Each structure stands twice: as structure tokens, then as C-alpha cells.
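Student: All chains, please: the whole structure from these sequences, using the hints.
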Amino acid sequence: MALIAGPTASGKSALAVALAKSLCGTGTGALVVNADASQVYADLRILSARPTDDEMEGVPHRLFGHIDAAEAHNAARWSDEARGVIAEARITGQVPVLVGGTGLYLRTLLYGIAPVPEIDPAIRAAVRALPVPEAHAELAKADPDAAARLAPADATRVARALEVVRSTGRTLGQWQQQREGGIADDIALTPLILLPPRDWLRDRCDRRLARMFDQGAVEEAETLLARRLDPDLSAMRAIGVPQIASHLRGEIDRKEALERAQAATRQYAKRQFTWFRHQPPADWLRHEESLNNDSVGNLAIILRDKLLTG
RNA sequence: GGACAGGUGGCCGAGUGGUUAAAGGCAGCAGACUGUAAAUCUGCCCGGGUUUCCGUACGCUGGUUCGAAUCCAGCCCUGUCCA
Numbered sequence: 001m002a003l004i005a006g007p008t009a010s011g012k013s014a015l016a017v018a019l020a021k022s023l024c025g026t027g028t029g030a031l032v033v034n035a036d037a038s039q040v041y042a043d044l045r046i047l048s049a050r051p052t053d054d055e056m057e058g059v060p061h062r063l064f065g066h067i068d069a070a071e072a073h074n075a076a077r078w079s080d081e082a083r084g085v086i087a088e089a090r091i092t093g094q095v096p097v098l099v100g101g102t103g104l105y106l107r108t109l110l111y112g113i114a115p116v117p118e119i120d121p122a123i124r125a126a127v128r129a130l131p132v133p134e135a136h137a138e139l140a141k142a143d144p145d146a147a148a149r150l151a152p153a154d155a156t157r158v159a160r161a162l163e164v165v166r167s168t169g170r171t172l173g174q175w176q177q178q179r180e181g182g183i184a185d186d187i188a189l190t191p192l193i194l195l196p197p198r199d200w201l202r203d204r205c206d207r208r209l210a211r212m213f214d215q216g217a218v219e220e221a222e223t224l225l226a227r228r229l230d231p232d233l234s235a236m237r238a239i240g241v242p243q244i245a246s247h248l249r250g251e252i253d254r255k256e257a258l259e260r261a262q263a264a265t266r267q268y269a270k271r272q273f274t275w276f277r278h279q280p281p282a283d284w285l286r287h288e289e290s291l292n293n294d295s296v297g298n299l300a301i302i303l304r305d306k307l308l309t310g
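The working numbering applies: residue 1 is where the first sequence begins, and numbers increase by one.
The set of hints was computed from the structure by calculation and includes no laboratory data. Just so we're clear, the structure is a prediction, and the values are computed from it rather than from any experiment. Every residue, glycine too, gets a C-beta built ideally from N, C-alpha and C. Each hint should be verified, as a subset may be incorrect.
[As the list claims (entries may be wrong)] The list that follows gives simulated cross-link-like pairs (lysine to any residue, SDA-like), each with its CA atoms no further than 20 Å apart:
(1) K306 - A282
(2) K21 - L31
(3) K270 - N293
(4) K306 - W284
(5) K141 - R170
(6) K270 - E288
(7) K141 - A151
(8) K141 - A129
(9) K141 - R166
[Stated by the list, open to error] Computed Cβ-Cβ distance ranges for the label pairs, DEER-style:
(10) A125 - K21: 44 to 52 Å
(11) D294 - P144: 53 to 61 Å
(12) D185 - R227: 37 to 45 Å
(13) E289 - E118: 39 to 47 Å
Tutor: Spelled out as C-alpha cells, the structure:
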């Protein structure tokens, strides 16, 4: 299995397709598997930069745009789906090429995650309705360790820790003693991390957002917003959606919305950089140059040969 | 030409005599990261010195004062209005 990870707009999708085609050229089937949290949403074709049919060049793509925006997807669910796709590929003899920028998802797939059961919806709703300071105060009573470990303002993690103790009776820390579902020991992984120069990436991010706006991003967001879904859903928080929503409400003009979305993208890319620089194992191959047609071709061949020789 | 308003650190924007290297926000940089992760959070952010040290700084010049971003004078510039 190949894995190509890196920040948005680093050119990973094109590389994945090039690799898949290169494999096909040697008679080995391949399929591209999405490992990007927002690209799973059907409603976000443009805003999540989902590959177009042209860009897929006939290579099968899986886990792209298969989830409705009303659903709350998450790392464990994605990991289950990916495991399924990988198992199928093993049967058909195809090489899975994972591409994506969501480090947590990849880590969950490879190394597993704590087997916390589903949270009681009523408890979840109650916890998430709490203002962060109150949630943290509650957490200090229910799970002092977690409260001490977490930043009091860290809304997401404080809520998670609190809903877990309340719903399961065990603390998150206790659950996290175990990890389940990782496939790292069962597969031969050929990983590549793209860490291109920041100015190059920044420029690509800016241009890509501008293109998205030209190609209907505003309309796409408008359609999604018309569904009046819970604004806390991940699809509703994808980069571009809140900014365009603000524009459609008349608060800012289109240009301002674009600029804010571009800034959000740059900041996102930065966080991905930090993750991929430090979180993955040190022995994963890292590529710190920008990509062009030649280097994509070369990298595809390097990865292909590694995959074929084991 | 005249009348007002205003010129603050990369940007926006507080601050009207000392405790102000100057609130706050944005952008930027660095970091964290186990079920909303395109999320959430933490630190840094004038220059140098890698603990409360030095230098420079609030349009410019000069003045008042023990002490000024804050008061005074002149000048330059910007916006609005009247000509």
C-alpha cells in the first residue's frame, strides 16, 4: 500500500494518479483512496477540491464524496471504511494508494484508536451545549486528570473528554490505554510525505481558492447552506463555507470572502505542515521540493518500484 | 485658498503627562494533537542580549516639563466639507 500525505494544494492527488497509472503500466491494478476529512462530503465537490473525472484519468477513486453533509463523519468511521476498501483491494490484487492531508485519520487507520463506544446522543448534546468554561469546570469534577491536561479553552477536547466520562463511566485516559483497529502491522506501507516550500504552496493555495470561486464555489456553498443543517457539522465548517455564508448574509463582499478563505487555507496548510513534520514516524520518506510534471513522474516511479519490489 | 477631522508597531485600532515597548484584533512564525481534525488549542510576535539588560519607537522639527505617544509652536501629509 502506498500513502501520499501532505498539506492542501501540495499536488498529492496528481501524484497519486500518476503512481496508479504507472502501476497499471506494469500490469498491476491500483486505486486511489481518499484520506482527507472534507473530501468525503458529497456537497463539497468544488470547495474540498475533489478530483474531477478528468483529473482521475480513469483511475478508480474511493471514499470521495460518498458522505452526505448532514452526517457527522469522523476518524474511526473513515478508518473503518478505508480498512474495508483496502481489504477488497487485497482480494482483487489492486494496490491501494492513500492520498490525503488528515493526519489523524491516517494515524487512526495505521495505529488504531481507543475503542470508546458511541456516545449517548443526549449526553453529547448536553455537553456541547455547555459554554467551554463550564464544561471545563465539570470536567475537573468528573475527570480531574483530563481537566489538568487540557487547555481550559480547548473546546473540542474538553467536550470530548467530558462526554466520554459521562457516557461510558470511564475516563478518556482509561480508554486510551488501548488502541484498536490499526493495520500497520498487517500491510507493507510505502509512505511519502510532501513538504514543499511554503511560498510555493501559499501561492498555489491562493490561486486555487480564486479558481474555486470562479468555478461556482459560492453557489455550491449557497446550496449547502440552503439545507439549513447544524452549523457545527464538519461539512459546514469546511474552509470556504463559513466565509461564503458571511458573504451571503451581506456582511462582507465576495472579494473579502475570498481573501478570508485564502487566509484560512494558508493557516490550515501550516497546521498540516506541523503535523506531518513531527507526527509521522521518522523513517517515512519526505519530499521537500515543489512538484512539477517531471518530479511527479520521477516520484511516481520511485514509489512504484518500492511497491513492486516490496 | 479657507473650515473641520486625523496621522500610533506589517495592517486595523486603543491610549491624552509617569506603573507604556505601548490594550485589543488581524496577518505571520513556532508548537500541540487518540472519534467534529479543512476542527480545537498553546507560545512568540520592534531590534539585539537566549531570566525583570541595552538600544530604538507613536508624521517631521523644535519647545514646555524632573518626565510626553499624550501639552505648545511651526512644517509635511491624508480624508471630508466650503470655495
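Student: Going back to the hint list, which numbers does this structure go against?
Tutor: Those not satisfied come down to hint 3.
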